[in-house]
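Protein chains: 2
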Amino acid sequence: MFYALMARNAQPHVVIAGAGFGGLAAARALAKAPVRITLVDRTNHHLFQPLLYQVAMAGLSPADIAAPIRAILRRQKNLTVLLSEATGIDLTRRTVLLSEGSILYDYLVLATGGRTSYFGHDAWEKYAPGLKDLDDAVEIRRRVLLAFEAAEKESEPERRRQLLTFVVVGGGPTGVELAGAIAELARYVLASDFRHIDPRQTRIILVEAGPRILPMFPEDLAAKAVRQLERLGVSVRTRAKVTAIDESGLHLAPERIAARTVLWAAGVQPTGLTRRLGAPLDPAGRVIIEPDLTLPGHPEAYAIGDMAVFLHQGGKPLPGVAPVAIQMGSHAARNIFRTLDGAPRVPFRYVDRGSMATIGRSAAIAQIGRLRLDGFVAWLAWLVVHLFSLIGFRNRVAVLLNWAWSYATYQRGARLITGRRLSLVPHRPVPPEEEAGAPRGEFLVR
Amino acid sequence: MFYALMARNAQPHVVIAGAGFGGLAAARALAKAPVRITLVDRTNHHLFQPLLYQVAMAGLSPADIAAPIRAILRRQKNLTVLLSEATGIDLTRRTVLLSEGSILYDYLVLATGGRTSYFGHDAWEKYAPGLKDLDDAVEIRRRVLLAFEAAEKESEPERRRQLLTFVVVGGGPTGVELAGAIAELARYVLASDFRHIDPRQTRIILVEAGPRILPMFPEDLAAKAVRQLERLGVSVRTRAKVTAIDESGLHLAPERIAARTVLWAAGVQPTGLTRRLGAPLDPAGRVIIEPDLTLPGHPEAYAIGDMAVFLHQGGKPLPGVAPVAIQMGSHAARNIFRTLDGAPRVPFRYVDRGSMATIGRSAAIAQIGRLRLDGFVAWLAWLVVHLFSLIGFRNRVAVLLNWAWSYATYQRGARLITGRRLSLVPHRPVPPEEEAGAPRGEFLVR
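Line by line, the protein sequences are chains U and S.
In terms of the working numbering, the first sequence opens at residue 1 and continues consecutively.
In terms of the working numbering, the second sequence opens at residue 1001 and continues consecutively.
Worth flagging that the hints you see were computed from the coordinates, not collected in a lab.
All C-beta atoms, glycine included, are put in the ideal place defined by N, C-alpha and C.
Do not rely on the hints blindly, as some may be mistaken.
[As the list claims (entries may be wrong)] Some chain U residues well away from chain S (every beta-carbon gap over 12 Å; in silico):
1) Leu146
2) Lys153
3) Gly297
4) Pro323
5) Asp341
6) Arg372
7) Asn395
[Claimed, not checked] In silico SDA-like cross-links for lysine to any residue, where the CA-CA straight-line distance does not exceed 20 Å:
8) S:Lys1077 to U:Lys77
9) S:Lys1077 to U:Tyr188
10) U:Lys77 to S:Tyr1118
11) U:Lys77 to S:Pro1199
12) S:Lys1077 to U:Arg200
13) S:Lys1241 to S:Tyr1118
14) S:Lys1132 to S:Gln1269
Can you build the whole structure from these sequences, using the hints too?
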């Protein structure tokens, strides 16, 4: 018996599902715990999601904001990384079902995060991609850059206008950042690169169903964000509900906007795992957790981050941002530590250090405690915070250099159209007879 | 008549198909010519192919070795960039057929390069991808990294061995570079990142059908390359002809090698355009060009680079390398200049400045004139030459920093598994009953 307790395999087994901000924080906080940890993720990298929009807008490369999970945790000897997807949890048998095999646990930390939600309109995904992982970002980059290329070849004014119209749905931080970044791309980066179109004529529309954008910010700061967006050429439409999206544009009842490129930043829902848990869910599908972050009736199983909803601190759900997930991850680890020591679990308290959103070059808003910043100062604060939050020295240097270079040259370092997916921008073939007629774009006539 | 000659559209129209080394050199050399230029490419970027294998091996990001064609040529006002694919040429009507529409020319420079050749075995492509563009590189990176991940999860020794066996077919510079880079990845980068496998046990086999690798180099230098490869753990098999490739390995008559990952670096063939030209081709399908680089009977149409074969200087075909394409591009531009001035076209002469191949960290071979280098000095020469040949200040800085970081830390900056293509590494599901039995890899038992 003594021998069995001392054997390595007798150490309690902690399984962490998901290596996002929450899962990684939990794993690191358990580095010195007398446990074996298995960290399961379906990708091989931890992703710094707050900068994902910059990959979508060709400013950064995927590798600048992602780091291999194995490399991050190489020296943590009590931890095994497993590239696999958690497809279900058997809470009574304490088993995680994986895409291959299954795995038993003593303690479980669920941190599988969220995915794009179309509020029941899954058919819209094809026309309005969301932004949750690197593949999404590269696909959005491809679509945005291809739209300018197609416009350059299009001589019919209506079609050209449609190709140069970009709609971003959702007025949260991601939507604001995407809209601002498209505006910068069109106004500065691409401005002198085309011969038949003027990218500065690009129309960018930010659509929000609610009464105002950035509802998590004070009203005066959000109003400043609107002004900064409008200065960049983004038109902001609030109280505008999308009723249909197809390949040629979208319906904002009663209006129709002809746009070839629609991006979706309107909603996040938990990964499908939550619905198979048998635990109580809120209407958005998130797991309702106890004050100590465990699942009701399962003190050995924790759920954190975007897949969970924490309703105890003041009753308002915590926002789906990185600091919440990180603090929850550390707290779950702390409660596991306490349980191993025979101490009771303690309730979680979120320490809000503020929030920020960037709009574009020298434009941002920030709320840090009672301090409210906007414009250049807020933008600088945003840069510093994000640079220091990045994981890995290499990534920090790479991002800093890319930003400095972009700022100085008005260029973007990753303006690549890659990926062999079928183009969503069909080109009208020009019959040879037409060539002899009126000039249809200079390149088609001698 | 005078007016027509002075009008902008009356300037001769030069169409360049392909923005690789040859096409870009031709475009730049015509910057001050009294012509209008249309540069057609099916991608939006110029690719620095000599470093493509480093993207495939997770050392560099796609954006480090590619630059947007529009950005490179932004200031060249006599030039229009067109994102399109040249699907055919009507030499008598002086028309380039594009994937959309067509385009008339006065002078034509064909520089569409090459693609991977499987010598009639196109079915092998699925199992043994080639390396010609960024999508290829990202796909190879995905497969190589996934093979290690799958091996970590595999407890059956034979399957694990198969997953950790990598075969590179083709002993030219690309094959040597790929084999050396896989060896480095396994020996240094991944060495301490796994818990169930030791990546240093990886088998890497370089297969060459001819009597020796690197036939374009002197025999003693090639022999040194073999020794450097073997020191890294690559086994080199010459006179080994591949007779079959499938998902589980390849046949090297009479032997069979069980390998999950096979990479193809054995051959290049011109793009399909050449076969639709109606011009004389060599057995490899390349256009046989005149001493002045024009197509026989078409003094206004040039073919350069990998799609053409130049047999006049000593009778031996020129190698398919960047310096040949660049010199040909400048020469075609020079002959167009001369024709506009009423001067006769002059024959092309290739100035050979040497060749280099890199094997790995501090290991390379180089021949520069009569100078023969190997080991660290050759490797340093290789670094300097490639760094300075890169287009764009940003790319040079990015690559230099990535190299310095990799050299110092033995890490790779772009170790990402991305892309949603179907995995070629199927996993055997483990039935729950098996779990209770003998340990099948620690993570499957508590």
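Against the structure, the hints:
| no. | hint | result |
| --- | --- | --- |
| 1 | Leu146 | 8 Å, violated |
| 2 | Lys153 | 7 Å, violated |
| 3 | Gly297 | 21 Å, holds |
| 4 | Pro323 | 25 Å, holds |
| 5 | Asp341 | 21 Å, holds |
| 6 | Arg372 | 36 Å, holds |
| 7 | Asn395 | 8 Å, violated |
| 8 | S:Lys1077 to U:Lys77 | 59 Å, violated |
| 9 | S:Lys1077 to U:Tyr188 | 18 Å, holds |
| 10 | U:Lys77 to S:Tyr1118 | 45 Å, violated |
| 11 | U:Lys77 to S:Pro1199 | 17 Å, holds |
| 12 | S:Lys1077 to U:Arg200 | 19 Å, holds |
| 13 | S:Lys1241 to S:Tyr1118 | 13 Å, holds |
| 14 | S:Lys1132 to S:Gln1269 | 11 Å, holds |
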